[in-house]
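For what it's worth, the working numbering labels the leading residue of the sequence shown as 1, then goes sequentially.
These aren't lab readings, by the way, just hints derived from the structure by calculation.
It cannot be assumed that every hint is accurate.
To be verified - Quick list of the computed label-pair ranges, beta carbon to beta carbon: (1) T57 to D152: 34 to 44 Å; (2) L18 to G56: 16 to 26 Å; (3) A157 to H130: 19 to 29 Å; (4) R129 to S36: 22 to 32 Å; (5) F72 to G93: 16 to 26 Å; (6) R47 to S133: 53 to 63 Å; (7) A143 to R47: 14 to 24 Å; (8) D108 to R47: 21 to 31 Å; (9) S119 to G17: 39 to 49 Å; (10) N82 to R142: 21 to 31 Å; (11) S133 to V4: 27 to 37 Å.
Using N, Cα and C, we set each Cβ at its ideal position, and we do this for glycine too.
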Amino acid sequence: MALVYEYGLSPRPWPDGLIHHQLVREDLVLLRARGSGPSPQLAGLSRARWITSREGTAGARSLARLCAAAGFEAAVAFRSNNYDVVRELVSAGLGVAIVPGLGHSPDDAVEATRLTQRSAFRRVLAVHRHENSNPLLGTVIRALRGAVPAEDPYVHAARDEQAE
Numbered sequence: 001m002a003l004v005y006e007y008g009l010s011p012r013p014w015p016d017g018l019i020h021h022q023l024v025r026e027d028l029v030l031l032r033a034r035g036s037g038p039s040p041q042l043a044g045l046s047r048a049r050w051i052t053s054r055e056g057t058a059g060a061r062s063l064a065r066l067c068a069a070a071g072f073e074a075a076v077a078f079r080s081n082n083y084d085v086v087r088e089l090v091s092a093g094l095g096v097a098i099v100p101g102l103g104h105s106p107d108d109a110v111e112a113t114r115l116t117q118r119s120a121f122r123r124v125l126a127v128h129r130h131e132n133s134n135p136l137l138g139t140v141i142r143a144l145r146g147a148v149p150a151e152d153p154y155v156h157a158a159r160d161e162q163a164e
């Protein structure tokens, strides 16, 4: 079994013979330094400096596609795959960022706004071969689903039992 993620704007092709179970659906969240003044709406951030994940990643592709849909190309100033680093850069006023719900920790220095675009989400999946007969597979998947934070406004437990 592998734990993988898939962004709404960067779907992944899955090879035949794999079963995937959705564990979590995360909203994508716009992060801005508190009181910094930039718009909480994506379309109002065309002149902002952006912080995103490394080039070629699904997160970076999602940012590019979200910004393109809003009518601009993001001016990326910093890149990191570490969401703690991204939040620190945002809190220091060095740019704005879009992160998945699990990548956001509430912080007095950072304002978070859920993106409302239909495709602004990330799914976390458990993937395994169709032939996997391990009797603990179902138990592990249920335990992973049970670990979803119940109080997080940007993270949602899976609704479907299995997607193939």
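**Message:** Just to be sure I understand the hint, the distance between the Cβ atoms of L18 and G56 should be within 16 to 26 Å; is that true here?
**Reply:** Given a distance of about 23 Å, which is inside 16 to 26 Å, the answer is holds.
**Supplied distance hint 21 to 31 Å, evaluated on CB atoms of N82 and R142** = 30 Å, holds
**Asked** Is it true that the C-beta distance of R129 to S36 lies inside 22 to 32 Å, as the hint says?
**Response** 48 Å, violated
**Asked** Holds or violated: 21 to 31 Å for the Cβ distance of D108 and R47?
**Response** Holds, at about 26 Å.
**Item:** CB-CB spacing for D152 and T57 relative to the 34 to 44 Å hint
**Value:** 23 Å, violated
**Request:** Given the range 39 to 49 Å, decide if the beta-carbon distance of S119 to G17 lies inside it.
**Result:** Distance hint for S119, G17 is violated at roughly 27 Å.
**Item:** CB-CB spacing for G93 and F72 relative to the 16 to 26 Å hint
**Value:** Given range 16 to 26 Å: holds, Cβ gap about 20 Å.
**Message:** Assuming the hint says 27 to 37 Å, is it satisfied by the Cβ distance from S133 to V4 or not?
**Reply:** At roughly 21 Å between Cβ atoms, V4 and S133 fall outside 27 to 37 Å, so the hint is violated.
**Message:** Assuming the hint says 53 to 63 Å, is it satisfied by the Cβ distance from R47 to S133 or not?
**Reply:** 56 Å, holds
**Request:** Go ahead and decide if the range 14 to 24 Å is satisfied by the Cβ distance of A143 to R47.
**Result:** 46 Å, violated
**Asked** Does the hinted range 19 to 29 Å hold for A157 and H130 at CB?
**Response** 24 Å, holds
Taken one by one, the earlier hints fail for this structure at numbers 1, 4, 7, 9, 11, listed in ascending order.
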